[in-house]
Amino acid sequence: MPDLILLDVIHVTPEGTDLCRKLKALDSIKHIPVIVLSTHNKAIQTKKICADEVIPKPFDIDILLQVVENHLAA
Amino acid sequence: MDSRLNRIRQLEDEHGFGLVGTYLLDYQKKIVYADKTLSAMYGLPFDEAGIPLADFLKNIDEEDLQRANQLREAQINKSEPYQIEYRIRISSKDTKWVLARAKAKMMDGDLFYEGIVVDVTSGKEADIALQNQNKLIKTITDNATSALFLMNDKGYCTFMNPAAETMFGYTLTEIKSKPLHYLIHHHYPDGREYPMEECPLDRALPQNFEMRAHEDLFFRKDGTSLPVLCAASPIFENGIPVATVIEVRDISEQKKANMLLQTHAERLEILNSIGLSISESLDLQEILQKVTDAVTKLTGANFGAFFYNTINASGEAFLLYTLSGAPREAFEKFGTPRNTAVFHPTFAGDGVVRVADITKDPRYGKNAPNNGMPKGHLPVVSYLAVPVISKSGKVIGGLFLGHKDADVFTAEHENLVLGLASQAAIALDNAKLYEEVKELSLKKDEFLSIASHELKTPLTSIKAFNQLMQRTKDSTKLPDFVQKSAEHICRLEKLINDLLDVSKINAGKMQYSMEQFNFRQIITDCVESVQHLAPSHKISVENVVDVLYTGDRLRLEQVLNNFLTNAIKYSPGGERVLVNSTLQGDNLIVSVQDFGIGIPQDHLDKLFDRYYRVDNTSMRFEGLGLGLFISSEILKRHGGDFWIESEQGKGSTFFFRLPLERQGEAEVTETEISYKDSSITILYNQQDDRIEVDWKGFQNFSSVQNGCMKMLEILKKNKCYKVINDNRNVQGTWSEAAEWVGREWFPMMEEAGLRYFAWIFSPSTFSQLSAKKSVDIKEGRVITEFFTDISLAEKWLDGK
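Line order of the protein sequences matches chains A and B.
First residue of the first sequence: 1044, per the working numbering; consecutive thereafter.
First residue of the second sequence: 650, per the working numbering; consecutive thereafter.
Isolated chain A, as found in the complex (with noise of 0.2 Å):
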């Protein structure tokens, strides 16, 4: 099992976005953090999709790393 997904959302459409809400929807894996990545900031609405946090590319590095920590730590 993971301790965290990272996962680079390209296009909204919905196999794009759809994805986050499965996993969150599979009650051996909600309980993994989804941290999602993508340009579509304003079109993916952490609510609707089921993230845990949306990063909008690009993005700092630090930022990523620092964002994965405070995740993992949790």
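Calculated directly from the structure, the hints in this document are not laboratory data.
Even glycine gets a Cβ: it sits at the ideal position worked out from N, Cα and C.
Keep in mind that a hint or two might mislead.
On the chain A side, residues computed to face chain B include the following (Cβ under 8 Å) [claimed, not checked]: (1) M1044; (2) L1066; (3) Q1109.
Per label pair, the in silico range of CB-to-CB distance [said to hold, decoys possible]: (4) B:G1068 with A:R1064: 49 to 59 Å; (5) B:I1038 with A:H1074: 50 to 60 Å; (6) A:T1056 with B:I1038: 50 to 60 Å; (7) B:L1108 with A:H1074: 17 to 27 Å; (8) A:T1056 with B:A1135: 34 to 44 Å; (9) A:D1070 with B:S1185: 41 to 51 Å.
Anything over 10 Å on all C-beta distances counts as not near chain A; from chain B, calculated [what the hints assert, rightly or not]: (10) A775; (11) T790; (12) G804; (13) P876; (14) N1019; (15) H1102; (16) K1122; (17) Q1160; (18) G1247; (19) I1322; (20) T1330; (21) D1343; (22) D1425.
Using the hints, position chain B against chain A.
Using the frame of chain A, we list chain B on its own:
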């Protein structure tokens, strides 16, 4: 004989009283020679020398005196014997009955009467009592309202009172002909024959039981029936059953009253329950259905309908909402009821229309094309229509009830429906308020969800940079972290400002402070400040006009800033941004052009869809950035609009238009077959029998509406059915009028005779989208076709 009489005298003497007295009356001298008993009977002293007749007569009861004297004198005159019964008063309150008998006897040529007086008091009293009793019984039976029968042991009636005669229509002779059962009780209430052996009334006597309060159905001589309550009591003489007394009460009035009471109770219950359930409900459709069902039930209508008003701009069209007693299909094909003479008073709130026969009403059949009910309509003769008026006095709907028979609806029904209509109005008002609140609350939730997401994203970065600053050992990295987190803080601040603006717009509380300024100034100011923040792109001002404009300077700067930052954001490799401002007619047009990747067509369509409506206070900024939403709102408040031209791979141009104050009166020329003003030219082409329309320049809601109505006029006047609608000279967008054109204008044109409509596209994308939107939502059967080439359009129309 004398010895026996003497014996009696002896006995009487011994007992001190006597029942038989004898006397001799000397009629000439009017003297009575009475014996002791007779004297005692009259309360007179015994006197052998005789007692004057007058003394005897004195004691006769006043009531009998005259009759007794007359009878006696008459008999004496004829020298006939007499026999008289009369009362003797023996005290102030007691009398005794006596019988006096005498016959004439001539003695020495004088007239004597010899007779006896017998005390008959005991027999007479019994006789009178019996007579009185019979009289009483007759009085009772004669005056009884119940029918009374006396039925012998064979089941034949031997007596019936007048009430029985009236109730059943038989005379006693008729009723004696057959056993009573077969005359008045021959069938069960359900119509089966009723054999006498099964009848409990006839079993009462042989089986010796009394029956009380037995409810049944009896029959009259004429065959009609009546509900009755009856009792049967057997009578025995010396232990032998002889007869049955049957008492019958007609309870049809009572039954009627009971039924009426029951109807009232049911109505009350319906009213009460409907009142409760609709005041509890907040669902519009549910309330309408319940009210419709209730009034239909209460009035006994064949069917009822509740039309809920949705008045369109032309003051017509009503929405069919709920029906009761008829399937939806029974009405659907007729569409909505029109504003005819029959329907008008209801929808205008003029009051109740209750007609015994609507087809004979003067208002009926006045409106073409159906002149009455359309073919296939459920038959309506009795008609009752009640307006439903809200607290504000606005007519929100109408309750309509129909029945196939005449004169079904009463004033009471009218009151019931009125009562329910007012209850319904309150419930509908509440439901409407609730729905508005619900919608607002949904919008709010949506807004919050978007806002929190928008806010969270920069905050995540700021938080992460802060953590990095705290733990880094490399102090040379610090300024970079500070700089980057400052950028995110700026973004956050802008977001919060935007969110505040959106919430102000949604609440209708955005304040505008108008002032006059040179528009060139804000263009140069904005370009300068955005250029400063975005050194990656070169922003060039190509053409800029000097124009004095009155508006909210800060808000318009916000619009321009938004357009400029968008241009930079969406053209990452673009390097250049061009800004132009021009005057076109009475409009100031500002454009910002970038050289990025452009906006895909489907994305443009979406953008258009979000902004085409006239009411634009909802959350149409979702996923598109708050900036464009706020900008569109600010422009709208200045009477302007925005549109976008984009080519994939080459870049996009964002335009906005602000109307300037009109310079002088617009020139208008108008004839029977043509119309021309600054934004439209309409001409009826007689040769090709078509109307040719050429729109010019920028359009807005009122210019589109004006031009369209002129077109309608000319189409009507010339009875034309083809239009060629040239938009090649149209600029910008007219999205705000798209809905009106599709939903209202096209149906009007269709009614006026339009069949074919050739539409030549404007070069402007948003104008094309406006036209497509109109056709998408168009109602009716007008055939439209889009063209880019006018000759193809003409060819298409020529073939029609």
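A cut-off of 10 Å on Cβ-Cβ distance, and I1322 (chain B) was said to be off the interface with chain A. Does that hold?
Holds, because the least Cβ-Cβ distance between I1322 (chain B) and chain A comes to about 53 Å, which exceeds 10 Å.
Return holds or violated for the Cβ distance of I1038 (chain B) and H1074 (chain A) against the range 50 to 60 Å.
holds (59 Å)
Using the beta carbons of G1068 (chain B) and R1064 (chain A), state whether their distance is inside 49 to 59 Å or not.
holds (53 Å)
Against chain A, does G804 (chain B) hold up as non-interface, every C-beta pair farther apart than 10 Å?
The claim stands: G804 (chain B) keeps its Cβ more than 10 Å from every Cβ of chain A (closest is about 88 Å).
Non-interface claim for A775 (chain B), where every Cβ of chain A lies beyond 10 Å
Holds, because the least Cβ-Cβ distance between A775 (chain B) and chain A comes to about 110 Å, which exceeds 10 Å.
Against chain A, does D1425 (chain B) keep a CB gap of more than 10 Å to every residue?
holds (24 Å)
CB-CB spacing for S1185 (chain B) and D1070 (chain A) relative to the 41 to 51 Å hint:
holds (47 Å)
With d taken as the least Cβ-Cβ distance between K1122 (chain B) and chain A, does d exceed 10 Å?
holds (14 Å)
Beyond 10 Å on every Cβ pair: is that true for D1343 (chain B) relative to chain A?
holds (41 Å)
Consistency of beta-carbon spacing, H1074 (chain A) to L1108 (chain B), with hint 17 to 27 Å:
Given range 17 to 27 Å: holds, Cβ gap about 24 Å.
Restraint: Q1109 (chain A) near chain B, CB-CB cut 8 Å. Satisfied or not?
This interface hint holds because 4 Å falls under the 8 Å limit.
Between T1056 (chain A) and A1135 (chain B), is the Cβ distance one that fits in 34 to 44 Å?
For A1135 (chain B) against T1056 (chain A), whose Cβ atoms are near 35 Å apart, the range 34 to 44 Å holds.
Violation of the numbered hints given earlier is confined to hints 1, 2, 15; the remaining hints are satisfied by the structure.
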